[in-house]
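Using the sequences and the accompanying hints, generate a full structural model.
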Amino acid sequence: MRTDLVVIGAGPAGLAASLAAATRGVRVVLVDAAPAAGGQFYRQPAPGLGARRPGALHHQWRTWTRLREGLDRHIATGRITHLPDHHVWSVEKASGCLTVHALSGPEQEQPVTVRAAAVLLATGGYERVLPFPGWTLPGVLTAGGAQAMLKGTLVVPGRRAVVAGTGPLLLPVAAGLAAAGVAVAALVESAGPGGFARHAGALAAQPGKAVEAALYAARLLRHGVRILPRHTVVAAHGDDRVEEVTVAALDSGGRPRPGTARRIPCDTLAVGHGMLPHTDLADALGCRIDGVVGVAVDDEQRADVPGVWAAGETTGIGGAALALAEGHIAGRSIAARLSGAAPDPQEWERAAQSRAALRRFFSVLDRLCTPPVHWTEQVTDDTVVCRCEEVRAGTVREAVEQLGAGDLRTVKLLTRAGMGWCQGRMCAPGIAGITGCPQTASRSPFARPVPLGVLAREPQNDPRSPVESPAEENVRQYNVTHHRGGDRP
Amino acid sequence: MVGAACALYAARAGLDVALVDRGPVAGGTTGAGEGNLLVSDKGPGPELELALLSSRLWDELAGELGRAIEYEPKGGVVVAPTPEGLTALKDLAAGQRAAGVEAVDVPADRLPDLEPHLVPGLTGGVLYPQDSQVMPALAAARLVRASRARLLTGRAVTGVLRTRQGAVRGVRTDQGDLHAPAVVNAAGTWGGDVAALAGVTLPVLPRRGFVLVTEPLPPLVRHKVYAADYVADVASDSAALQTSPVVEGTAAGPVLIGASRERVGFDRSFSLPVARALAAGATRLFPYLGRVRAMRTYLGFRPYMPDHLPAVGPDPRVPGLYHACGHEGAGIGLSTGTGHLIAQLLCGGEPELDLAPFRPDRFEQEAA
Amino acid sequence: MNPLELTRARPEPAFTVTFDGREVEALPGWTVAAALWAAGITSWRTTRRDGRPRGIFCGIGVCFDCLVTVNDRPNQRACLVPVRPGDVIRTQEGTGHAD
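Residue numbers (the working numbering), protein chains in the order written: chain A, 5 to 493; chain B, 15 to 382; chain C, 109 to 207.
If you are wondering where the hints come from, they were derived from the structure by calculation, not from laboratory data. All C-beta atoms in this analysis are idealised placements derived from N, C-alpha and C, irrespective of residue type, glycine included. Check before you lean on any hint, since a few could be wrong.
Here are a few chain B residues that face chain A, going by a calculated C-beta distance under 8 Å [what the hints assert, rightly or not]:
(1) A151
(2) E229
(3) A293
(4) A294
(5) A296
(6) R310
If you want it as structure tokens, here you go:
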């Protein structure tokens with residue numbers, strides 16, 4: 005026995021797709037890295053914390069409740085199997101069957117394999133942070149990271165925070181931290197109000213979003229948070245952790261305006277410059293990736309590899325509401341296609357309209373929320389740009405200016421920038437900016453590191469269960485294989 | 015890498031050199047290699063002589079560039095899991111010693127002194143102190159820079175210019191012509207294409223190889239370590255997947271795990287079965303690695319020629335055309351010797367080695 | 109107002125773990141990072157080259173900056189690994205592996 009559909013990621017897109025497919029009779033295995041469903045947007049406090057009012061850190065709580073109840077119902081009937089704490093490292097396609105390889109257990113060392121006719125990639129996104137002097141100091145973290153820790157574990161990073169960067173995430177993060185008792189010294193946003201005014205029409209097409217932003221702004225006001233539009237963080241300072249940040253106003257050309265720099269004491273700097281999609285699994289499957297936008301999909305959310313669908317941030321950044329619409333469409337498409345029928349797009353017309361409107365809205369937002377045009381000028385040569393391998397901006401610049409590197413791969417080969425644990429996911433945008441090389445989607449054949457011992461074991465094919473773990477006896481002992489080969493490295 | 019070495023030695027011999035590549039520096043097989051400078055995997059013969067010459071030249075270069083190219087004269091250890099394998103290995107080593115290779119027999123109980131984390135139960139091995147390693151992309155880039163040759167990257171050669179008498183007078187590129195009385199074809203796996211532009215055949219075929227890269231580790235694997243089956247047999251023309259474990263640390267921390275060989279054209283898709291086979295081989299040699307995590311894989315296409323020897327030297331069919339390609343998996347190691355010999359030829363001198371076994375037109379003669 | 113009050117949390121009983129030998133209190137459901145943050149600790153790793161301190165950065169398992177040694181297993185992501193009673197958490201130096 006094998007399942008019909010594996011959904012990878014239990015955020016809004018994955019949940020909407022799972023429910024839409026399961027309702028139409030599809031057997032779904034929902035694989036997710038988190039201990040509980042919800043993804044980043046609906047991340048819940050751990051049950052052990054006994055939060056009786058978890059909605060205090062969320063909005064769109066009613067939508068979440070509906071998703072949660074739907075999931076529970078389908079789990080009870082056995083239509084959906086939810087595998088939390090499962091980290092997918094590869095999806096393999098062989099002879100028409102898709103095999104999902106995951107790691108489970110606290111140390112992520114137990115291999116688990118699920119086979120299916122269809123896979124939905126709903127792997128979400130992660131935050132883009134551009135480098136600046138001091139960004140490797142403890143206490144400097146991503147805005148989304150501060151929010152994730154707060155939502156999931158109800159802890160805060162410090163007592164006094166600056167929230168900075170650009171993009172729609174900064175408002176809710178600042179509001180959440182302030183509500184949780186952190187003194188938010190400033191919200192520093194590089195975009196200015198002018199751009200928003202120029203695109204008022206396009207933005208007003210999503211009145212819900214405007215209301216959302218206004219609510220957050222009002223909450224910040226209530227907590228006395230200073231909002232500094234057209235400002236940027238120039239540097240973070242401290243010895244072994246952040247103690248102060250330098251903030252400056254931006255001139256019309258996007259450079260810090262001389263004489264406006266000031267230092268703000270803080271123990272936390274939550275910073276982000278927008279989001280990037282997780283595309284590793286799609287890439288290893290051979291799906292077409294659209295630049296840095298995300299996995300390329302058609303109107304039914306199908307990737308260009310048969311049997312593979314994608315929805316949510318992994319196909320392009322657009323927030324939870326867009327992810328829900330895309331997931332819903334994907335789930336319905338999968339249900340129809342698995343039964344051998346072509347789906348009728350009329351059935352999801354409302355979701356498709358909502359998808360189109362939200363994509364327009366976010367493409368405008370994406371143009372408005374940009375880092376300062378000349379941000380790379382603030383990155384001094386001794387600033388570490390690759391956090392994992394501790395490669396400095398000067399080394400990267402030297403590779404381009406002295407050694408003839410003209411693309412990110414060659415920069416990586418010559419400097420090790422992007423070769424570390426995160427495989428360039430954190431540093432690629434920064435290095436692309438500093439070198440002027442075009443950024444391509446992050447590609448790594450493994451979506452996360454996998455123990456060699458796990459890799460060495462072929463998964464056992466147990467016909468009774470869709471979920472497989474290798475048996476110990478399958479571990480091969482050393483034996484000599486005599487290859488008749490011109491065996492060269 | 016071979017092109018970089020040719021540029022370096024030619025420029026140091028006083029020639030004016032332009033280095034043309036359609037991609038970036040180290041964009042082909044060089045950037046996908048492990049950077050092996052090996053004598054251990056070559057039996058007595060012309061390739062071993064080229065390797066010994068190259069090894070001496072690498073040692074010289076290390077004096078000026080060693081740190082910048084992560085040169086590590088760490089030595090290779092070949093281990094034999096079975097008594098038969100050990101006998102074959104010792105025979106090979108004896109032959110290599112006669113040809114000038116340093117090769118030290120290591121009894122089983124001394125292996126842990128060399129590699130404390132090796133699996134117990136091996137029957138013995140041989141230590142090859144001359145085996146070394148560089149970081150190949152850095153080596154290529156630094157050699158180019160040291161050569162002061164004009165570097166023209168992102169520029170594709172689209173034709174070989176000839177005089178009315180048929181002699182080479184330069185190359186045509188997508189960004190204009192470059193005139194020179196001599197052209198060196200160091201296009202690696204794509205060397206056959208460049209030869210074709212000059213109207214001659216050179217049978218270079220791609221042989222795909224994957225490398226697995228682990229998380230950064232302290233120096234737990236001190237040498238290049240591989241099993242004797244890796245060298246036990248020489249000539250295979252099989253297209254099927256072959257893997258044998260080759261494990262080595264790097265200056266930067268990660269352990270590199272090879273080696274796979276497949277003839278699948280220029281297919282760049284990731285292969286989980288190959289990654290599994292590499293992991294299985296490495297964990298059998300070093301059980302410790304079982305809990306170490308693989309972070310990524312990369313792949314490259316070795317320039318493979320039917321008799322496993324490179325094409326080095328002038329092409330008698332086209333005066334002024336020289337070939338320096340087809341080194342299979344040994345191109346990094348053999349690049350210095352190749353560059354040195356090509357420079358000697360370009361300056362009209364007598365090459366230090368007999369180049370007859372590397373004649374570029376040798377396959378045509380066989381066919382005739 | 110702290111986050112526990114904000115969400116009217118009634119956590120299950122706390123337990124103890126150690127960080128570099130010092131006792132740290134933790135709540136069920138916390139990650140290793142949450143327990144360390146709650147104790148005012150913001151870094152638990154030093155880098156391979158420069159020996160610089162690091163802690164949480166991305167908070168969602170992508171950046172691997174928060175690597176830590178838990179019960180002698182190096183390179184665990186503190187932002188993902190659940191903290192369990194009696195855990196022995198140590199600052200991770202360099203690769204986290206003994207030579």
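### Query
Broken hints, numbered, in rising order?
Those not satisfied: there are none.
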